[in-house]
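S.K.: If you read the protein sequences in the order shown, they are chains A and B.
No gaps in the numbering here: position 296 of the first sequence is 296 in this note's numbering, and each next residue is one more.
Each number in this note's numbering corresponds to the 1-based position in the second sequence with 579 added.
Treat each hint with caution, since some may be false.
[To be verified] Computed cross-link-like contacts, PhoX-like style, restricted to lysine-lysine with a CA-CA straight-line distance of at most 25 Å:
(1) B/738 x B/702
(2) B/632 x A/307
(3) A/101 x B/738
(4) A/323 x B/632
(5) B/632 x B/702
(6) B/753 x B/702
(7) B/697 x B/753
(8) B/753 x B/738
(9) B/658 x B/702
If you're looking for bench data, these hints aren't it; they were derived computationally from the structure.
Bear in mind the structure is a predicted one, so any value in this text is a computation, not a measurement.
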Amino acid sequence: MTSSLNARRLPDEADLAQGSPSAALEDETFAGPAPDAATGGEVVDPQAGMHPLVSPAASLLRFITCGSVDDGKSTLIGRLLFETNSVFDDQMEALKRDSKKFGTTGEDLDFALLVDGLSAEREQGITIDVAYRYFSTGNRAFIIADTPGHEQYTRNMATGASQAELAIILVDARKGILPQTRRHSFITSLVGIKSVIVAINKMDLVDYSEERFEEIRRGYQAILPALGFTDVTFVPVSAKAGDNIAARSPRTPWYRGETLLERLETVEPETFDAGAEPFRLPVQWVNRPNLDFRGFSGSIVGGKVAKGDAIVALPSGGRSRVKGVFGPDGEVDGAEAGEAVTITLTDEIDVSRGDVITAADAPAAVSRSFSGDLLWMANRPLIKGGRLIVKIGSAQTPATLSSLDGAIDIHSYEAKPADALTMNEIGRVKLTAERPVVALPYGENRDLGAFILIDPVSNETVALGVVRTVGESEAVAPEGAVAPRSGLGRLADLWLGEAARGSGAHRAEHRQAKIRARIAGSVLVGFLALIFQMPLLLVPVLALLDFLLRPFLAVAFGADRLPEERELDPTVVDEGGGI
Amino acid sequence: MKHMTHLQRLEAESIFIIREAAASAENPVMLYSIGKDSAVMLHLAMKAFKPGKPPFPLLHVDTTWKFREMIEFRDRRAKELGLDLIVHTNQEGLRAGINPFASGSRVHTDVMKTEALKQALDKYKFDMAFGGARRDEEKSRAKERVFSLRTPEHRWDAKNQRPEPWRLFNTRKKKGESFRVFPLSNWTEQDVWDYIAIENIPVVPLYFAAPRPIVRRDGALIMRDDDRMELRPGESVETMMVRFRTLGCYPLTGAVESGAASLDDIIAEMRSSRVSERQGRVIDQDSGASMEEKKQEGYF
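If we strip away everything but chain A, and leave its shape as in the complex, we get (with noise of 0.2 Å):
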C-alpha cells in the first residue's frame, strides 16, 4: 500500500549543480569489460555474460487526465513527472528559464511548461493537442495521454481515452462538476474505460474543505449510474503543492484513501477482457517469402489460436485448420490475444488484408451494416446519406450514413432526435457499407468494435466510434465448400491456379475466361502440328496434352498466383492511398 516515493521539495540551484547523489552508483557496481574492449570496431556482444542490473517494469499502464480547461491537468502530470524523479535536470533548467517567460505561477515552478510542448501551447497557455508522457516506478511504466480541456479539442480527448485503461478525472474544486466534467465522463465511459480516477484538484485554494470535497464527491456520484463505471476512487489533491499526489498530506487529515501515485501503482484496472473472447485475428499482411510458405500475419485481437485449431476466414467462409503459430521469436505451441503472430494454415483459402480469421466454431458477425455511437470530429456537420469510408479493424470499405437516430445530450446522456451531428456532437448512427465487414459489438471485442470514418475527399479522419449492433449476418460460404477437397479436386484446383479460390461472380468469370484462353491454346498447339505437317493422328492428342498439362508447369514455375501482398483495394481512389 505505501508508496516508495515520498514527497520531495522543489530543488534549487545548489541540488541542480551537484547533480543526484545516487550518480555514483553504478560505477561501484561493476568494473566492466576493459575499457578498450568496445574500440576494435567489432560488434560488442551487448549481453556479455550479465544480466540487466534492475529487471524491466514488469506491467504497462495507460491512463489519461482529462476534465475541463484550467483544471491543471497539465500541472498535474508535470507533478506527477516530478515527483517519480523523472524530469532530467536539463529540462528541471528549461523548466525554470520558461516558468519565468510564460509561467503562471509567480516565483514557482509552472509544471504545466513541461508537457505543453508546442509554441501556440505555451504562448496560448493551453494543451491543443495529445501529449504523451512516460514514466514508471520500479515495477510499473506508464503512459499518460495529456489530453486537452477545451471543448474544441474534444476529439484529442477521445483519441487518448480510446487507449487509455483508466482515466483521471480532474475536478477543480472552486468550480466542480462542469459540462466538459459531464462530457469527458462521458466519452471515457464510452470506449468502454471501466476503472476512473476523480482528482478533486485546488484543494489548497479551497483551504482543504472536507465538505467541499465530500460534496463535489456526492455530485460525481449523481451522474454515476449513468456511465457504467465500475471502479471510482476520489481523491482531494492539489497538483501545484504537491499534496495527496505522492504523499499523504498533513493538510487533508480527514482524508484516509490513498494518494493518487499509489493508486496508479496499485491499480488492476477493470477492462475487457480479450483472452476470454474466441479466437480473432484481423489480417494486416499475407507473408508470402517463398512458395513454401504462405502466412497470414496480425495481432491477435481475440482468444487464442494453437495448432490444429479449426478457423474460418471472413467474409469469405473459407475453413482450414491452424498449420503453424509464429511468434517475434519463431514458431511456438500457441499465441493469445495481445501478441502479434503470423499463422499458416493446412488449406489454400482466400485469404487478404482486411479479413479476419476466427475460430470456427464461433465466427464473428459479417454484415453490410451496423448500428453505433460515434464522435463527429469535422468543421462541417454530419448528415444523413453522408458518403465516408469506414475503417474497422485491417478492413476498409464505403459506407454511407444511412440513419442519423439522434445526438447525445451531455447533461442528460439521453439521445435527442437531430438533423446533423456538429463537431464535438455525439451521435447514435446507422451505418451502411459497400462491402460486408467483419464487426462485433464493442462490449465484446474492443477491436472489432471501433471504427473511425475517413472523409473519401479530404481524406481527414472525420469520426470515431464504437459499434452498438450488428446487421443480419451475410451469408458465410456454408460449412465444407471450400474445404475439405478430394484428391481429384485438389488437382482441379491446382490446374485451375489462382483462379479455383474463392466464389463471386467475377471469380467465376475469371474461371471461364481462362478456360477459354486455354482451349485455344491448345487449338492453335494442334494447328502448329498440322502446319508442321505432324501425323493427323497425333494432333487432338498433342492438343489435349497440352490443355490438361501446361498449367501444372505454371505450378510448378509458381506462375499460377497473383502477388497478393500488393492486392490495392479496388474501392479506393486513385490517389495513392494504397490499401
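Using the hints provided, position chain B relative to the given structure of chain A.
M.R.: Frame of chain A; chain B shown alone:
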C-alpha cells in the same frame, strides 16, 4: 488473458505499426540512422516479416560527418541481414562546402540532413518512411502522431494532425503527400536499452565507454574522429574515458565522461542519470521551439 510484460506489449505494438505501414504503402523505406533506436526498429522489422525479410530498403542520409565506426557498423549490418541499403548525400551541399565547422550546426543540419532527406524521398518516390523517433525525446515529438502526414513539400502541420484513436491508423493520402511512421513512439530511452539487452541487439561500439581522443569545445566533449576537425588556439586533444548517449555527426555530438563499458553499466548509468539524452545534441538548444521548427521544415 496472458500477462504480457511492458516490453512485450511495446514489441507487439511496434510490429503492428510496421506491418500496417508496409501493407498500406506503395513504396516504403526505413530511415536507418545507425543509432540504438534504429537498431531496435530494424530488429522489430526483421521480426514483423519473419520468415521473410522486410519488404523495404534501408535509407541512410549520410552527411559525410558521421563517426567512422557508425559507417562501418551500418555496412556490416546491412550485409549481415541481407537488406538493401541506400546511402544518400546532398551533393549540392557537399559542392557548396557546407560543413559543421564553417557553416555552423544550423545550416549544416538544414542542408545536409533535412534537405538531403527530402531529396532522397523525392528521388526514390518513397511514400512512407519509418523513423526511430520516440515521443519521450523532446516536447514537440510528444505530440507527434504514429503515422505523421507530410505535405508534398514535406512540411509537418502540428495543428492539423489526424486523430489516431485505438490503433485505427488512417493511411490515406493524396498524390505527393507522404507519411513518416514512428513504430517506437511509445518507447522510452530506458525501454530501448532494456530491449537491446534482452534481445542481444548489436549496437555501435561508441555507446560503450572507451578511451577516445577528445577536444573540449564550447562546453561539450567532442571526439576528434578525423583530422578535418582543426584545433583552435589553446585546444588540445586529450584521451578521455567517454561514451555517447546519442549518435550523429561527430562535430555536433557531445560525449559524456563515463566508465560504462557494458550494457549493464549503461542501463545502471541511465537509471541514475539526471540529464536527458538530447542534451548532448547541439541542434536542440538553439531555442525552446527549435525541434518544432525543424519538424515543420521537414526534419524527421
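S.K.: Evaluate each hint against the coordinates.
M.R.: Structure-based check of all given hints:
no., hint, verdict
1, B/738 x B/702, "violated (28 Å)"
2, B/632 x A/307, "holds (24 Å)"
3, A/101 x B/738, "holds (23 Å)"
4, A/323 x B/632, "holds (21 Å)"
5, B/632 x B/702, "holds (24 Å)"
6, B/753 x B/702, "holds (18 Å)"
7, B/697 x B/753, "holds (17 Å)"
8, B/753 x B/738, "holds (19 Å)"
9, B/658 x B/702, "holds (24 Å)"
Checked against the numbered hints listed earlier, the structure breaks hint 1 alone; every other hint is satisfied.
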